[in-house]
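Visitor: Read top to bottom, the protein sequences are chains H and Y. Under this note's numbering, the first residue of the first sequence carries the number 1, and numbering increases by one thereafter. Under this note's numbering, the first residue of the second sequence carries the number 1001, and numbering increases by one thereafter.
Watch out, some of these pointers could steer you wrong.
[Said to hold, decoys possible] To be clear about the criterion: a stretch of chain H counts as covered by chain Y if any three or more of its residues have a C-beta under 8 Å from a C-beta of chain Y, and this derived list gives those stretches: (1) 48–55; (2) 419–432.
[Claimed, not checked] Short derived list, chain H residues pointing at chain Y, Cβ under 10 Å: (3) Leu346; (4) Pro436; (5) Glu503; (6) Ala505; (7) Val564.
If you're looking for bench data, these hints aren't it; they were derived computationally from the structure. A virtual CB, placed ideally from N, CA and C, is assigned to each residue, including glycine.
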Amino acid sequence: MSPPRRHRATPGAFPSPAIARDRPRLRPAPPTGRGPGEPAGAVATGSELWLAIHLPHYVLESLRLRAASESTAGHVPGAATVVVDVEDGGKVVCACDGEAAEAGIVRGMALNSALALLPGLSVLAREIPRERALLEVVATCAGDFTPRVALESPDGVLLEVRGSLELFGGVRGLVARVRERLQSAGVEPQIAIAPTPLASLWFARAGQEVALRRADQLAGRLAPLPLAVTRWPERSLQLLVTMGVRNLGDCQRLPRDGFARRFEPRLLAMLDRAAGRRPDPRAAFRAGERFATRRDLEPELADTQRLETAIGPLLEELCVFLRQRGRGVQVLELRFLHRMAPVTRLRLRFVEPVGEARRIAVMLHERLAHVVLPEPVRTVRLASGSLVELRAAPTELFVTDRRGSGAAVPQLVERLRARLGVEAVYGLYLVAEHRPESAWRVAEPAGDILLFPVPLPTRAGEARSGKKRMSPVLEKENVPVPRPLWLLAEPRPLAGSDQPRYEGALEFEEGPECIESGWWDGKDIARDYYIARNAAGVRLWVFRERRRRGDAGGRTCSWFLHGVFG
Amino acid sequence: MSSFDDLLRHPGLWRAREQAFAAAESSARPTGYAALDRCLPGGGWPRQGLIEILTDRCGIGELSLLMPALAAFCCDAEDGSGNSGGWLTWVSPPYQPYAPALVAAGIDVRRVLVVRAAPPAEWAMEQALRSEACSVVLGWATSRDRQGLRRLQLASEQSRCMAVLFRNLADGDEPSPAVLRIALAAGPGGLEVRILKSRGGRPATVRLGWLDAAAQAAAH
């Protein structure tokens, strides 16, 4: 008898018939076909180890976090609690605690049905910002264990813990410490550890608190997980179920190219990332640190000058805080608490991040001068906005003059705006437009404006385009068309119908230059511009309307003053 | 400590700081109008100190008179060699400074700051002068505050920044701490520039033709 035929086990060649038999076939597997889960050029995952924290009850916990600190309307301590969300105009339960679940309340149930089951139900409204805040609290806690923390909205936090294992007594010790820390913060986590972020997250979501340390075990251990942990779109999941794919293992056995074609490429990429075949970089979470302090004033202060002196130490404190972190603030808020009157708020905004007390004090001085206090101030609270990177001031050996660098401009703008208002201080910006009033725009000064090279209208250009006519007297090419240094905000009508007058009769020097443009935005103009000089020697830019929409042409032309040459 | 001070007094030692400023102060800034340069001490606008320009009405050429010097400031900035590439600040101008015309006159509009100050404009001017951000500050006076003028003059001297204040011709009779006072009037066939006061120079009258900022820039 001949020996039984052996299948050649070449990686990447035909899969063995044993596997092929029970594989749901999307199409006949091509010779090079590989399942999405089979090796396709291993990408080294490095030696990372990820700990995933999944918060199954985050909706409820986020609201409890607040309920602990302040009383919430509608919340009765000790009673069964549900959280409702508004869906399709009706209130629907989106989370419930254990007690409510025992009574038969499930997610997606209408609030009325839930109340029918359990009349004494305590009902809370869902608050998305609270949920985000909870996640940040968890991430901040996680920061105690590793510097590399990433958020996985809405209910996951990832920690890279390879370097932390030894310090916290191995995997077991670390998990216990993390759990203890989170429980004290009021959340009940599901924790899993795996070599890739996605795999650890999927284990945590599935409630399997595994601690995998080796990447080669990953594919095998991921296989039994239900597909729901991936949070793929509902449509894709249903399609997979109808194909008989029930868990990740089934999914990994599907041919890659077919899978990529039928589903979004994103899904295949996720499988690869989970198995460590593709790098999965994560954006690091930065704790949203802020500064907040208060000072009770004894005696109460009624005048702003003494108030300013009292705030001085708070600013010093703030600046020490900032200096230690090497960061700055762009927004500060001061609150003055009174005995009866509502709180007076003062918001300081800076053009660039600041970190010096002197500079903040200057701004404060300007702003406080305008503050009217309804009552004496009992307490001052100072709170910073989020901290931002401080731009280092450029210093040079031979620079004795800071003007060239423009470093002092933001400060100047800030100081002027503090007293005169934001709109009163601005820069200029050139716009490529034929209409004189649209050829410039107000710009943010010292903001790094990109100034595109805008060609100025020249006489040569006009002659070519044929759009405008110039008097034949001035035929110097490539000389910019004269424009006045001053422009009036609104053209001013001039007296005199045939011969315009402005502080005396006008004598024309140049013109007409016809500008006809802007039909596309409803502000179209058709004007003949002239340069004229009056008896006092003032050079003016005047124009005559050529036509108006709806005019039969019989209307007398009106003259306007639009600019002064200065 | 005293030996260190002695060392600094040594004639063979110089400090970089002093050298830089000595170079900057060496001469005046040409006005761009040869006839006017001849009548001004140093041959141009003074590098520092308040300049007053008095006119009876806005628009007879007071800006065009300044434009060549302002454009020269912007050229310095582009060279990267000079350290005077500061900003050009306009405090409470009577009309909107028109960007296309400024560009045509050779001014870098990215470094222009317009301040619509509530009167008095002198406060904003002084802030701009003392900020170490500006090379030139142009202001349109709204008050006749002598104290304010003195502060401006002082701020301009200390910050080594060119300060130009436009005032009404009627204020010409009043004494002023300005380094240079010029009255402009329309004469027959052109602008008449009367130098009323000039530190280190003498009063004079110069007749210029009608000024055209763009043509001046094109000619250079």
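Visitor: Which of the stated hints cannot be reconciled with the structure, identified by number in ascending sequence?
Guide: As far as the earlier hints go, 1, 3 and 6 are violated by this structure, in ascending order.
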